[in-house]
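There are 2 protein chains.
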Amino acid sequence: MGSHMDSVRPLDASQLRYAYTTAPREVPDAKILTGTHKTICTDHIIVASWNVESGWSVPELKPYGPFSLLPSASCLHYAYECFEGLKAYRGHDGKLRMFRTDCNSRRLLMSAERISLPQFDPDELEKLIYALLSVEGTKWLPKSRAGDFLYVRPTIIGTDSQLGVARPTEALLYIIVGYMARMDTPAGGKRLLTNPDDMVRSWVGGFGYAKVGANYGPSVLATQEAYRRGYHQILWLYGPEGNCTEACGSNFFVIWKRKDGKKELITAPLDDQLILNGVTRRSCLDLARERLKDELEATERKFTIGEIQEAAAEGRLLESFAAGTAWFITPIAMIHHHGKDINIPTGPDGTPTEITGRIKGWLGDMMYGRVEHEWARVVPEKELKNFKIKRDILYH
Amino acid sequence: MGSHMDSVRPLDASQLRYAYTTAPREVPDAKILTGTHKTICTDHIIVASWNVESGWSVPELKPYGPFSLLPSASCLHYAYECFEGLKAYRGHDGKLRMFRTDCNSRRLLMSAERISLPQFDPDELEKLIYALLSVEGTKWLPKSRAGDFLYVRPTIIGTDSQLGVARPTEALLYIIVGYMARMDTPAGGKRLLTNPDDMVRSWVGGFGYAKVGANYGPSVLATQEAYRRGYHQILWLYGPEGNCTEACGSNFFVIWKRKDGKKELITAPLDDQLILNGVTRRSCLDLARERLKDELEATERKFTIGEIQEAAAEGRLLESFAAGTAWFITPIAMIHHHGKDINIPTGPDGTPTEITGRIKGWLGDMMYGRVEHEWARVVPEKELKNFKIKRDILYH
Chain X
9 MGSHMDSVRP LDASQLRYAY TTAPREVPDA KILTGTHKTI CTDHIIVASW
59 NVESGWSVPE LKPYGPFSLL PSASCLHYAY ECFEGLKAYR GHDGKLRMFR
109 TDCNSRRLLM SAERISLPQF DPDELEKLIY ALLSVEGTKW LPKSRAGDFL
159 YVRPTIIGTD SQLGVARPTE ALLYIIVGYM ARMDTPAGGK RLLTNPDDMV
209 RSWVGGFGYA KVGANYGPSV LATQEAYRRG YHQILWLYGP EGNCTEACGS
259 NFFVIWKRKD GKKELITAPL DDQLILNGVT RRSCLDLARE RLKDELEATE
309 RKFTIGEIQE AAAEGRLLES FAAGTAWFIT PIAMIHHHGK DINIPTGPDG
359 TPTEITGRIK GWLGDMMYGR VEHEWARVVP EKELKNFKIK RDILYH
Chain U
9 MGSHMDSVRP LDASQLRYAY TTAPREVPDA KILTGTHKTI CTDHIIVASW
59 NVESGWSVPE LKPYGPFSLL PSASCLHYAY ECFEGLKAYR GHDGKLRMFR
109 TDCNSRRLLM SAERISLPQF DPDELEKLIY ALLSVEGTKW LPKSRAGDFL
159 YVRPTIIGTD SQLGVARPTE ALLYIIVGYM ARMDTPAGGK RLLTNPDDMV
209 RSWVGGFGYA KVGANYGPSV LATQEAYRRG YHQILWLYGP EGNCTEACGS
259 NFFVIWKRKD GKKELITAPL DDQLILNGVT RRSCLDLARE RLKDELEATE
309 RKFTIGEIQE AAAEGRLLES FAAGTAWFIT PIAMIHHHGK DINIPTGPDG
359 TPTEITGRIK GWLGDMMYGR VEHEWARVVP EKELKNFKIK RDILYH
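Respectively, the protein sequence lines represent chains X and U.
For the first sequence, this note's numbering gives the first residue as 9, with consecutive numbering after it.
For the second sequence, this note's numbering gives the first residue as 9, with consecutive numbering after it.
Simulated from the structure, these hints should not be mistaken for lab results.
Take these hints with a grain of salt, some might be off.
One copy or two, it doesn't matter: identical chains are merged, so the pair holds either way.
[Claimed, not checked] Once the Cα atoms are required to be at most 25 Å apart in a straight line, the calculated DMTMM-like pairs of lysine to aspartate or glutamate come out as: (1) Lys301 / Glu382; (2) Lys46 / Glu121; (3) Lys270 / Glu362; (4) Lys271 / Glu303; (5) Lys135 / Glu233; (6) Lys265 / Glu298; (7) Lys301 / Glu178; (8) Lys151 / Asp101; (9) Lys151 / Glu380; (10) Lys310 / Asp205; (11) Lys46 / Glu61; (12) Lys46 / Glu178; (13) Lys271 / Asp349; (14) Lys270 / Glu233; (15) Lys348 / Glu68; (16) Lys390 / Glu303; (17) Lys310 / Asp206; (18) Lys103 / Asp302; (19) Lys271 / Glu305; (20) Lys103 / Glu34; (21) Lys267 / Glu298.
For clarity, every value in this text was computed on a predicted model and none was experimentally measured.
Generate coordinates for the entire structure from the input sequences, incorporating the hints supplied.
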């Protein structure tokens with residue numbers, strides 16, 4: 009923070025005002041969620057507005073609904089937008105948990121700084137996330153749905169109506185909660201296509217490490233082509249050597265036997281700022297270093313698609329998976345590169361094999377309360393039998 | 009277009025419906041425009057919505073006002089947004105003109121394709137732009153303001169409420185018109201700062217050539233630092249050689265005497281897709297090749313900051329200017345690179361010197377009707393004495 013703290017009034021979760029909906033919506037049946045491509049959001053949203061002169065407004069929890077934005081709003085022209093993706097998990101013990109929310113809150117602050125959006129104390133954002141889930145969790149992820157999750161999306165957008173390209177002087181932070189389809193179990197495992205030679209997702213000196221909108225929309229043209237050809241995602245390579253970076257929306261891991269005979273869990277490094285510093289990525293590395301240190305070495309360094317091909321040809325390629333909040337841990341069964349398939353061992357029908365399965369199991373156990381771990385914190389739930397509207401605080 | 013034409017119903021300007029405002033606003037005094045950082049828009053907006061199943065809606069000209077957008081709208085998360093910037097010029101002969109709108113319309117189509125937004129016939133967009141100016145021009149840029157301009161901003165945004173990163177299935181095209189401050193005459197000429205070594209605006213294989221939001225917000229962090237240090241804009245260099253690309257928001261031109269003694273007007277090439285294919289850039293090159301061919305060679309090729317320094321040291325650096333719709337033709341008086349100033353000759357107090365002045369003059373003459381030229385087309389103006397609302401077509 010320090011010199012970058014440009015808010016006059018800081019974001020303050022302790023001042024959160026509650027204005028509950030008078031028109032609570034029906035919780036959809038689980039089966040509806042696979043059939044729609046629209047995100048179904050819960051009853052409430054938390055919002056806090058900011059302007060350069062007065063700082064952050066008092067945050068409000070209020071009914072979910074559309075925003076009113078001027079056509080000249082800067083988020084609609086210059087991609088002044090950054091976000092986070094988290095999940096709230098309904099445990100098998102009936103409790104609601106969130107996972108390493110401190111990492112996401114700090115990352116949103118970093119993304120906001122990169123895209124010239126306002127600064128805030130990430131602890132306050134974390135409290136707001138918990139406050140929203142405290143209200144929404146019981147109804148939208150009832151105890152009958154143990155093993156299921158809600159998706160949580162904190163977002164900051166520039167809202168000033170200034171068409172000249174300038175640093176935003178007005179912004180809006182909001183948190184929404186919705187259903188998202190489970191994506192970690194594609195039949196037969198995930199199939200990746202390496203990027204077209206004439207496209208690069210991010211570059212040294214760019215912003216590939218920040219969770220800003222500008223990293224997402226531009227990558228979709230290549231992803232569409234991957235879908236059309238029957239693949240699930242692009243594996244983005246970088247530079248003439250073909251360094252593996254990420255699978256756009258998830259980090260990319262390989263488990264192989266090195267030429268020196270040592271087993272290695274490897275993923276791209278953070279230091280050249282090409283990839284997102286994923287929370288699931290970090291957790292996989294931490295767990296591997298703590299619990300698998302006698303079996304393998306967990307490394308963050310550059311590795312190329314050529315090295316993967318060579319390992320496959322020599323029978324040293326053991327496993328590969330994508331890791332991220334949305335995709336969780338998804339085994340990768342195949343990578344198609346320059347006309348050739350690289351096949352990767354998986355369990356039956358693309359299920360996780362050894363190391364991938366153990367890491368996925370450990371993380372899932374924490375998230376769904378089969379084991380207690382400091383990374384997964386219980387969300388205290390409000391028992392709201394009757395929503396009451398408080399008009400005096402909704403419209404201030 | 010061809011296989012990329014994914015609209016079922018095409019965008020059709022001939023079906024434009026008019027619903028005039030019942031609350032026309034007051035035209036601000038010219039002096040108000042320098043004091044505000046908010047863009048003041050005119051009375052009306054043109055909108056057309058799109059969805060993947062039915063294609064484009066009937067376009068509507070209707071009162072300017074806020075949009076209603078869901079917090080999960082894809083434009084707020086994944087930078088599904090692209091735009092154009094044009095001007096309408098009030099001529100000294102009383103006529104309203106626009107400049108090479110066909111170039112902007114085709115470029116918006118190209119940008120939309122790059123960011124996975126829907127396709128359209130650029131001729132139809134051009135007709136809509138003219139239709140809006142036909143209505144707004146007389147009131148908002150009256151004949152008493154000869155030599156002045158309005159700024160025109162066609163925009164397309166993704167509007168579907170799908171939080172998974174996917175190609176938009178719903179979008180909105182709109183055109184707004186507003187006032188923008190004149191920016192082509194900073195006192196003493198424009199001062200550029202080369203980008204920080206650890207930042208790159210665009211890269212080979214990226215999207216620097218498209219007018220998408222994702223090119224703008226991320227560059228502002230560097231621009232803010234330039235402002236803080238007293239410069240007007242960043243000059244973005246590329247690669248270890250330090251190739252000059254663009255001044256973010258405008259193309260960059262140098263006029264120098266080459267080592268072979270030949271005078272040259274030089275700007276970065278388009279073929280590596282690092283820079284925007286500027287309409288003003290193209291016009292400068294066309295005019296130089298047509299009208300200055302006996303005096304200089306106009307070239308589009310790579311050139312480095314080192315070559316500029318060398319030319320300055322040897323007395324061969326003659327002029328430099330930024331070219332773009334917003335900045336028009338702005339003489340550059342100085343470039344600061346790695347701790348050293350490169351001073352560039354300008355006229356008194358940063359006014360254009362020889363070649364820059366002649367090109368600026370030719371373009372201004374076309375825009376403001378001092379000479380007739382095919383690039384500047386007259387907008388036929390509707391004389392709307394009384395705005396009448398037609399509710400039946402406003403709410404269909």
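We went through each hint and held it up to the structure:
| no. | hint | verdict |
| --- | --- | --- |
| 1 | Lys301 / Glu382 | within (20 Å within a copy, 73 Å between copies) |
| 2 | Lys46 / Glu121 | between (30 Å within a copy, 23 Å between copies) |
| 3 | Lys270 / Glu362 | within (16 Å within a copy, 69 Å between copies) |
| 4 | Lys271 / Glu303 | within (7 Å within a copy, 68 Å between copies) |
| 5 | Lys135 / Glu233 | neither (40 Å within a copy, 32 Å between copies) |
| 6 | Lys265 / Glu298 | within (19 Å within a copy, 65 Å between copies) |
| 7 | Lys301 / Glu178 | neither (49 Å within a copy, 49 Å between copies) |
| 8 | Lys151 / Asp101 | within (9 Å within a copy, 75 Å between copies) |
| 9 | Lys151 / Glu380 | within (18 Å within a copy, 75 Å between copies) |
| 10 | Lys310 / Asp205 | both (19 Å within a copy, 22 Å between copies) |
| 11 | Lys46 / Glu61 | between (37 Å within a copy, 15 Å between copies) |
| 12 | Lys46 / Glu178 | between (28 Å within a copy, 11 Å between copies) |
| 13 | Lys271 / Asp349 | within (23 Å within a copy, 54 Å between copies) |
| 14 | Lys270 / Glu233 | neither (37 Å within a copy, 47 Å between copies) |
| 15 | Lys348 / Glu68 | neither (53 Å within a copy, 50 Å between copies) |
| 16 | Lys390 / Glu303 | neither (44 Å within a copy, 79 Å between copies) |
| 17 | Lys310 / Asp206 | both (21 Å within a copy, 19 Å between copies) |
| 18 | Lys103 / Asp302 | neither (34 Å within a copy, 81 Å between copies) |
| 19 | Lys271 / Glu305 | within (6 Å within a copy, 61 Å between copies) |
| 20 | Lys103 / Glu34 | within (22 Å within a copy, 59 Å between copies) |
| 21 | Lys267 / Glu298 | within (24 Å within a copy, 64 Å between copies) |
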